[in-house]
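Chemist: The residues making up each chain are set out below.
Number of protein chains: 2
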Amino acid sequence: MRAQTELDSHEHSPNSGARPVLSELEVEAIDLFIGLIKLLGMPKSVGELYGLLFVSPVPLPMETLMDRLQMSKGSASQGLKLLRSFGAVKTVYVAGDRRDHYVAEFDLSRFASNFIKGEVQPHLDSGLERIQRMEQLVKDSPAAERDTAENRLARLRHWHEKGQSMLPWILKFLVS
Amino acid sequence: MRAQTELDSHEHSPNSGARPVLSELEVEAIDLFIGLIKLLGMPKSVGELYGLLFVSPVPLPMETLMDRLQMSKGSASQGLKLLRSFGAVKTVYVAGDRRDHYVAEFDLSRFASNFIKGEVQPHLDSGLERIQRMEQLVKDSPAAERDTAENRLARLRHWHEKGQSMLPWILKFLVS
DNA sequence: TAGTTTGTTCATTTTTTTCTGGACAGTTTG
DNA sequence: CAAACTGTCCAGAAAAAAATGAACAAACTA
Numbered sequence: 001m002r003a004q005t006e007l008d009s010h011e012h013s014p015n016s017g018a019r020p021v022l023s024e025l026e027v028e029a030i031d032l033f034i035g036l037i038k039l040l041g042m043p044k045s046v047g048e049l050y051g052l053l054f055v056s057p058v059p060l061p062m063e064t065l066m067d068r069l070q071m072s073k074g075s076a077s078q079g080l081k082l083l084r085s086f087g088a089v090k091t092v093y094v095a096g097d098r099r100d101h102y103v104a105e106f107d108l109s110r111f112a113s114n115f116i117k118g119e120v121q122p123h124l125d126s127g128l129e130r131i132q133r134m135e136q137l138v139k140d141s142p143a144a145e146r147d148t149a150e151n152r153l154a155r156l157r158h159w160h161e162k163g164q165s166m167l168p169w170i171l172k173f174l175v176s
Numbered sequence: 177m178r179a180q181t182e183l184d185s186h187e188h189s190p191n192s193g194a195r196p197v198l199s200e201l202e203v204e205a206i207d208l209f210i211g212l213i214k215l216l217g218m219p220k221s222v223g224e225l226y227g228l229l230f231v232s233p234v235p236l237p238m239e240t241l242m243d244r245l246q247m248s249k250g251s252a253s254q255g256l257k258l259l260r261s262f263g264a265v266k267t268v269y270v271a272g273d274r275r276d277h278y279v280a281e282f283d284l285s286r287f288a289s290n291f292i293k294g295e296v297q298p299h300l301d302s303g304l305e306r307i308q309r310m311e312q313l314v315k316d317s318p319a320a321e322r323d324t325a326e327n328r329l330a331r332l333r334h335w336h337e338k339g340q341s342m343l344p345w346i347l348k349f350l351v352s
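So the sequence lines, in the order shown, correspond to chains A and B.
To convert, note that position 9 of the first sequence is 9 in this note's numbering; the numbers rise steadily by one, no gaps.
In short: position in the second sequence from 1, add 176, done, that's this note's numbering.
In short, the hints are calculated from the structure, not lab data.
Note that the structure is predicted; figures quoted are calculated from it, not measured.
Below, in silico cross-link-like pairs of lysine-lysine (DSSO-like), each with a Cα-Cα straight-line distance of 30 Å or less:
# : chain 1 : residue 1 : chain 2 : residue 2
1 : A       : LYS172    : A       : LYS38
2 : A       : LYS172    : B       : LYS293
3 : A       : LYS44     : B       : LYS214
4 : A       : LYS117    : A       : LYS172
Could you put together the complete structure from these sequences and hints?
Modeler: In structure tokens form, the structure reads like this:
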């Protein structure tokens, strides 16, 4: 039986209802990360979780996150799983509490590297396969069209190579 | 009264139904661009349109795109509008035909530049505003937490600057 | 000018994505 | 060992995004 965690103190807005409120700072952080996370094509709830953890001075268990963000157990569990998989959060030990406690990971480079490896590279790879298949197909097309098609495929390949060669550079740049 | 455009020839698959088919090459191109377009957070129909235009040796009117992609007028119109706004396609004059004819634009740099200016920069800008607001808010927080918070905001600002400074470089890199 | 053709817009429908909450499995505790 | 706790998973609900098609406007045609 653990002592009731009480992080919901230091609120000056007199919150009549029992609902835990978020400080202005927390709201700003959450909004910020919702935007960023959506830009990367991930669900809003993931941004909420990371945003709150980002400004929290102490590690938070899932229960607190659910409570303060008014989020279901399922979303919290799934979201944290995703964040863990990207190395964006990690769990830390908290004495006398059986639950996992989460803290945000502040190293952007790991996050970016995992995101690129997981989401971008696969697309580039399958893109390359497609281009190769297309190059094969073009050989069987009517001569009249072949030239145009070959020209365009060459451009496509060029884009692909450009993208491919840019990724390592971006990673290097992010590793401050 | 224009002559019926007939691009649906050179198909060797004996297509019993009246439905216009797509060649293997077209299908590959469409798939490729659907993937790319979705990565950028745009609807699939936009990828279909660009993909077909990319491999088409001749300019195509909207009607043909709708027909061959089995797509509604609304989607086609909206999708082409979006592609135009990014400079990814343009219309060209075709003698004796009142309709707009579309061709794909092959210059990646303009596309990327417009995408960044339209989708990425605004996020970075609003992010900066948020960070500034947060820095203000932190000053009023309890001393115990202030240090942590300030530390994290500094990191956040650092990320922001990094992102900001990376964009011009990416653009320069893309301008082959 | 009346009738076509072409393309846009937008309210509705459809599809896809995300969220929810309960069943469940694994741990711990008494 | 039974009861409580913690977290995962997943079927169904809810929300968000995309596609549809018909109404409309503009431009042309006869």
